[in-house]
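2 protein chains.
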Amino acid sequence: MTATPYQLLEQEWRRLHAFRGALSLLRWDAAVMMPRGSAEVRGEQLAALETEYHALLTAPKIIRLLDRAQANVRGLEDWQVANLREMRRQRDHAIATPVSLISRLARAAARAENHWMAARRDNDFSLFAPHLEEVLSLVRDKAALLGQALNLPPYDALVDEFSPGIGTADIDAIFKALSRRLPGMISEAIEAQQKEAVLPIAGKFSTSKQRGLTVEVMKAVGFPFEQGRLDESEHPFTEGVVGDIRVTTRYDVADPFDGLLGALHETGHAMYDLGMPASWRDQPVGRDRGIALEESQSLLLEMIIGRSAAFLRYLLPLVQKHYAVSGPEWEFDNLYRTLTRVRRSLIRVEADEMSYSLHIMQRYDIEKQLLAGRLAVRNLPEAWSAGMEQRFGTRPSTAADSCLQDMHWALGSFGYFPSYALGLVIAAQLWEALHAQLPEVDEQLARGEFAAVFGWLRENMHGYGAKLPVKELIKQASGQPLSANSLLRYLQSKYLAEAP
Amino acid sequence: MTATPYQLLEQEWRRLHAFRGALSLLRWDAAVMMPRGSAEVRGEQLAALETEYHALLTAPKIIRLLDRAQANVRGLEDWQVANLREMRRQRDHAIATPVSLISRLARAAARAENHWMAARRDNDFSLFAPHLEEVLSLVRDKAALLGQALNLPPYDALVDEFSPGIGTADIDAIFKALSRRLPGMISEAIEAQQKEAVLPIAGKFSTSKQRGLTVEVMKAVGFPFEQGRLDESEHPFTEGVVGDIRVTTRYDVADPFDGLLGALHETGHAMYDLGMPASWRDQPVGRDRGIALEESQSLLLEMIIGRSAAFLRYLLPLVQKHYAVSGPEWEFDNLYRTLTRVRRSLIRVEADEMSYSLHIMQRYDIEKQLLAGRLAVRNLPEAWSAGMEQRFGTRPSTAADSCLQDMHWALGSFGYFPSYALGLVIAAQLWEALHAQLPEVDEQLARGEFAAVFGWLRENMHGYGAKLPVKELIKQASGQPLSANSLLRYLQSKYLAEAP
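Protein chains in written order, with my numbering: chain A, 1 to 500; chain B, 1 to 500.
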């Protein structure tokens with residue numbers, strides 16, 4: 001019996017999956033293990049494998065097989081049909097932008113990244129501006145080509161790469177609801193919190209102790225150390241594939257929680273990947289359903305669970321054991337207040353869960369204007385300051401606090417930012433549904449039991465892989481259409497009701 | 001101006017070089033970092049990349065370009081001509097054996113390796129025998145096909161993969177010279193050494209202290225830690241490419257020297273790779289000239305330099321500093337005697353430099369008989385015992401001490417063993433020439449100065465890459481044709497003359 005076109009496609013994607021895993025390991029190693037002086041050699045290896053991956057994915061054979069499989073789609077089961085759809089989606093995305101454009105963009109981004117660092121250091125935006133112009137111009141070309149291929153407006157086409165099935169109309173509706181309520185809620189929360197004394201946490205918490213605590217918590221969560229690793233890197237990330245998944249964090253010896261929470265964020269990503277349907281693990285339908293859902297899972301674990309009273313009840317004795325600490329500042333109430341402090345920070349990555357979305361809206365508004373040419377790069381710093389003044393009431397005074405705080409635009413990542421805020425919105429919506437269906441979840445978390453939480457997530461979300469469109473998956477899992485309502489209710493009850 | 005066929009070939013090999021580097025990193029990670037449960041996923045990644053590498057190397061385009069470049073060979077410089085020859089050699093080796101045979105051999109070897117371990121554990125050769133039969137039969141097919149393609153007898157074709165340009169005639173001549181002299185020399189050396197008291201070295205030497213010592217010595221040797229790493233693994237090895245080269249060793253807390261000498265062995269490999277001509281580093285002519293020369297460089301550093309009196313003068317204060325030891329057993333004479341003890345061991349990897357070659361001859365004789373079908377697998381244990389009795393005067397009593405001590409045959413590596421003994425012969429021959437041309441080398445080594453040694457090696461050997469055939473390179477570097485004479489002179493003067 002000869003293989004069907006669909007079966008041949010599965011074979012091709014098995015090979016692509018192996019390439020993806022190899023590429024992922026090369027990136028992990030570059031950030032965690034590689035000697036400092038080896039970047040050039042690694043760059044050549046990554047470029048060679050990425051080029052080959054692109055060539056395999058866009059080969060004429062693939063489109064012929066896709067067309068032949070499509071003609072026989074009636075003979076396929078529903079997971080196979082969804083898989084075929086995702087195969088075509090990957091191929092269409094890959095072929096929409098010529099390799100020459102992608103590699104020009106990669107080179108421009110490498111230059112822009114260097115000048116972004118120099119501009120931050122010297123507090124001088126003009127060092128970065130011409131390189132951002134160059135990147136932006138190439139991103140515009142890419143967005144136009146992607147938009148043509150996907151029949152979407154340019155910015156929506158970029159968003160579609162990260163959050164398939166979500167467009168600016170969805171984002172605008174959610175951001176409108178959030179921006180109507182959040183500024184007032186933030187003021188109210190800060191006012192309420194000012195009435196509570198918070199004792200400062202001082203001391204040195206060695207990397208090895210922080211790692212010991214982090215590993216114990218990750219094991220409780222369910223991270224499989226026999227098929228995964230935890231390491232350190234400058235920025236936390238998750239790489240690898242199911243079967244060999246690798247998360248990193250960074251430890252600050254002055255901060256006993258930062259490394260743990262960073263690791264929990266990444267563990268959230270890892271648990272999502274690990275929850276995919278096992279029999280589809282090397283196929284497109286067996287992958288995550290985009291960055292917004294990825295972020296929903298990392299923020300759910302880091303922000304919503306990781307800063308909950310229930311989780312802190314489990315964590316507190318572990319903290320006391322690993323750090324050998326005691327005293328009034330290590331009492332439950334003080335730590336809870338420390339972990340849930342709302343602040344008007346100028347920095348996105350330091351923001352609390354209440355003000356986080358405002359930082360994203362700032363970036364969303366500005367990157368749309370940049371892409372459409374309605375905002376010139378030279379006017380970006382002033383537009384940034386004006387936006388911060390309007391949203392937070394203060395203007396940044398240094399480059400590192402301003403539009404130079406994130407690397408995304410230097411790297412050509414436009415359309416990525418909204419997925420952070422969408423992730424938080426989705427996390428809250430899933431959490432509300434999970435909480436309603438598992439009334440004992442707080443008691444379980446307080447005992448360090450995560451099985452029910454991840455059981456629910458697997459059954460209602462992870463296990464669908466990329467089978468359903470994002471909005472349909474969320475509606476099915478939560479019983480509600482995607483909206484900001486759950487996040488607003490969650491923030492209201494956590495920050496503006498009585499203390500736990 | 002369009003690229004010439006030769007230039008296009010260089011481009012293709014730049015890509016293959018990047019693939020090789022990626023494959024090497026995947027193997028390094030599997031042995032050093034990978035979680036225990038991730039072997040299956042890694043196997044898929046390695047297989048996918050190896051298959052693609054083979055496909056790129058044997059594509060019809062390559063042979064067309066090779067033929068066209070060959071037709072214009074008069075326009076090329078001598079390094080380019082040599083590069084073209086090595087390209088064709090790689091391609092001819094790759095295409096001589098069909099992918100299906102290689103992958104059947106890989107699967108049979110994986111099974112045989114498992115049963116080899118079980119047979120060692122249970123001291124029962126019959127558990128391994130049928131799997132060795134299967135591997136041997138596939139190796140015979142491979143040797144026949146390679147022999148046809150290269151116009152060589154089957155066993156010589158296998159040797160040619162590891163030691164290009166060396167055949168059984170060369171090996172036989174060298175082994176004949178060695179076997180005539182070594183048994184008598186060994187008896188004489190053991191008798192002489194029995195007159196010297198050797199105080200035993202006792203104590204626990206922590207891994208971190210051993211690593212500290214090893215790193216300091218490797219830095220003195222010239223290993224570039226800014227573009228390389230030292231790690232631990234079950235068996236020491238060298239992986240990576242120039243620009244990111246990675247060696248491993250293993251530490252035994254009861255043995256203060258084993259981890260260091262293992263690392264020196266691997267550093268010898270690394271220094272050879274690092275000595276290749278820089279402008280050819282991603283081309284076939286810019287690579288090592290086969291396993292025999294690789295082993296010559298590792299054994300030169302581990303055995304000849306690493307166990308020399310001059311080196312020990314440099315090492316002794318470092319040992320005392322890192323291990324914080326003193327006492328009569330740590331005096332120079334006692335350590336020198338410890339490091340140069342000659343023994344009639346049954347185990348190859350424990351053998352000293354005097355008896356090492358006898359272990360190789362044992363394997364060489366037997367594997368030729370196995371391949372030719374003159375020795376049946378079921379009779380291998382008896383043939384092994386008879387050979388050991390003849391060479392060392394004793395018979396092994398357990399499987400782990402017998403023909404089951406090495407993994408090579410289980411993995412299908414026939415024709416590999418001779419390169420170890422050739423390596424030692426070549427190392428001694430180069431050392432003799434180097435020593436004659438650099439009369440101050442002992443004083444330099446005693447001061448921990450390695451620059452002159454590696455300067456000579458680069459100028460006379462490393463820097464030629466794969467440009468010259470092995471025998472021509474050795475003759476040019478040493479002024480003598482390849483022979484066992486230097487090794488015999490070296491062993492005579494080190495073990496049978498006065499103590500230093």
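Read the hints as simulated data drawn from the structure, not as lab findings. Being a predicted model, the structure only gives us computed values, none of them experimental. Treat the hints with care, as some may be off.
[To be verified] Below are the DSSO-like pairs computed for lysine-lysine, each with C-alpha atoms no more than 30 Å apart in a straight line:
no., chain 1, residue 1, chain 2, residue 2
1, A, K219, A, K368
2, A, K209, B, K204
3, A, K61, B, K467
4, A, K204, B, K368
5, B, K61, B, K321
6, B, K176, B, K368
7, A, K195, A, K209
8, A, K494, A, K195
9, B, K368, B, K204
10, A, K494, A, K219
11, A, K494, A, K475
12, B, K209, A, K209
Problem - Hints violated by the structure (numbers, ascending) - result: 1, 3, 4, 5, 7 and 9
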